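Using the sequences and the hints given, assemble the complete structure.
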Amino acid sequence: MNAITIIMSVGYAALGVDLVVNSNYMDSFVAFTVAAVFAFGLLDVFSAKKRGAAHVLTGGILSMIFSSYFVIEYFANDFDFLINSRKWTWSGIASLIGAAILGIGGVFSYYLSKKTFKSVKIKTGR
Amino acid sequence: MKRIKVALVGNPNVGKTALFNALTGAHQYVANWPGVTVEKKTGKFTWKDYEIDVIDLPGIYTLRARSIDERVSRDYLIKERPDVVFNVVDATNLNRNLYLTIQLSEMGLKTVLILNQMDQVKNMNIKINTSELEKRLGIRVIETVATKGVDVDEIMKAAFDASPSVKYEIYPTQFEELIKKIENLSKGVLKDKGIPMRWLAVSFSEGDELAKKILEDNNLLEEAEKILSEKGYQNASLVIARSRYNFISSTLKQVEVRPKESWTISDALDHVFTHKILGIPIFVSILWMMFQFAFSASTPLSDLIDLGFQTLANYAHAIHGWVGSLIGDGIISGVGSVLVFVPLIFFMFFAMGVLEDTGYMSRAAFLIDRLMHKFKLSGKAFIPMILGFGCNASAIMTTRTIESEKERIISILINPFISCSARLVVYAVIAGAFFGRFAGLAIFSIYMVSIAFALTMAVVFSFLLKSKESSPLTMELPRYQLPTGRGLWIYMWSRGKHFLKKAGGIILGATVTVWFLSNMPWGTNIQNSWAADIGKALAPIFAPLHFDWHITLALLFGGIAKEVTVTTLGTFAGGNFSMFLKTVLDPINAYALMLFVLIYIPCVATQAVMRMETGSYKWPILSVLWSLSSAYVIALLFETIGHLVVMI
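For the record, the sequence lines run as chains A and B. Just so you know, we're using the numbering used here here: the first sequence kicks off at 1 and counts up by one. Just so you know, we're using the numbering used here here: the second sequence kicks off at 1001 and counts up by one.
Please note that a few of the clues may not be correct.
[As the list claims (entries may be wrong)] Okay, derived cross-link-like pairs now, SDA-like style, lysine to any residue, Cα gap no bigger than 25 Å in a straight line: (1) B/1260 x A/116; (2) A/114 x B/1265; (3) A/87 x B/1265; (4) B/1180 x B/1219.
In case anyone wonders, no lab produced these hints; they're calculated from the structure. No experiment lies behind these values; they were computed from the predicted model shown.
This is the structure:
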């Protein structure tokens, strides 16, 4: 679980930077937030595995939501461009591919953390 | 046909409205957060030879009502005395829900216990022995999953089988004797008034204000107080609560088996969603995705509808004379300019529906509670604020859940500053014309300003109304769940249809009026029309804001309903908003106009609801004057500073 947490955290941070470069500031804010959710999970994994798993689980869900949202936003903007200019554009495709891959990573995070979450019997302090 | 009255009573968010819909076939909105039903709703259905009136009451935890919505439920039960009460309970949390069941029995109401959310009971591996529960409580118990439909026959048979009254002698013997004494004392005077004696005696003992008032009005207060003080039970609320919970826990020990407490998925999500550092950024991220999704996803559809209206307008212009002008320039350009945003409104409600149905709304209220206290408001005031994004008029009604009267008035006064869906249409037109790919960000920023301004005004109104403390937020966090397609459709349609109705009614009427004013005297240029005369007469007031007469007139008509601002501009623009707006505004003026539309006067419907909810004209008048002057000052400040910055 540690590996996927690191991958997702770094992946979202990288996507955040890419979106800032493309002047997509609010989407980059969301990407950095998801990165932070995973990163905080990494901190928690060492103290309480279940709390860490909770971060990965939530990060996974947020990742799936963000990915779906980003894909819809991308294609809606392109369709709008097509309607108005009669042309299709592929600009920003790298961000789209990044978001889609991270979305798939979100699905893995969700199931992996759910499994850990059910099996680990460590006290969480709650 | 015989008529009987059935009341649905229970804690908030246990599925009363879902049961109401299942019984009556109605389509009332069901949400996954407490406080949705703030007034009683009635519906009907027939069963065998009976016509059954079903009354869906606002959720209550106890009969000691504090807020307006709780009083609606309590007063209905006491004054109307329904023939049967369906006590809807969340079967996964009987320990908390049965408290009200005991109180209902003290009221002497014929009760059927509806164990709802039995699917969740199964998911959580909880075992409930229903027949044993029935035996121990002495009332009929029915298992349901109201969201998936109910067996009406089974429920109605239970209603007729229900025992007329069940009495639980659960209090210490000495205290029971005192209750009986108060009951006997009251019986003599109140026998014919239909007031349940045991409820009166117990409620008085626990310090209930209504019970005290009934005794006082009938000159029984002094004697009742004397009875209680005989054995030192002046304030017996603790004894009563402890006895009830002891009874519940001893009952549940015999009927319920729960798995060992462990973290659920909901607990895990709550750990992160309500995190002290991550909670707020997640909340902002979710709001952003909600707005941007609605804006982006709807834009291609809006453009297609716009193309359709442009084609229709071209056909209409082929008709000669005033009819062609009315249809082409008036109705199609005006009403069409609003109708192109139907997808935006529906997508926005879809996103809001997802937010509410998943259960995230309650977490957001919990998260914002601390911040709200700094602004002299409780987290309870946050829910009307969020609902205000849909419609301010209906959101104001949900302030009934707020116990403190001053806090409630403040929540009502600040609600119109929350940007409703009608204003979204205005922003979409302006932002689309001026801010290109940053249009979504411009609109989102207006929503953020809207929340910040409403909270700032809360502090100002708290100071003016001398409201010192905000009431604490006690809210049960519902389980997270996936929204259902049907639920989302009901949510979207019930809200979106108002927009369509408005387009066919008030917006059409206002559009025809604007067209008429713009074409009179007939054959004249628009610059010399009656509309121009009115606009130009008022324009000097808005001259410091650089709003010309077109904008002035649009804002004037927008006071009726905010969408009319767009239809009025649409009539002037003749189908090309972007080009028209760029001739009368620059980007800074445009953003200032968005700020002005955000803050200035609440629409007529909101003013009417304000009057209804406060019982006075004072508050809507204050709201109109306050918002108008605030809008003017804020827009002026923004323009002045904005132009200065650009010059530097």
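Taking the hints in turn, this is what the structure says about them:
1. Restraint check for residue 1260 of chain B and residue 116 of chain A: the C-alpha separation of about 18 Å stays at or below 25 Å, so the hint holds.
2. Taken as a hint, the residue 114 of chain A and residue 1265 of chain B pair is honoured in the structure, with Cα atoms around 8 Å apart against an allowance of 25 Å.
3. Taking the CA atoms of residue 87 of chain A and residue 1265 of chain B, the gap is near 45 Å; set against the 25 Å cutoff, the hint is violated.
4. Note on residue 1180 of chain B and residue 1219 of chain B: the hinted pairing holds, with a Cα-Cα distance of about 18 Å set against a maximum of 25 Å.
Going down the numbered hints, you'll see the structure goes against just number 3.
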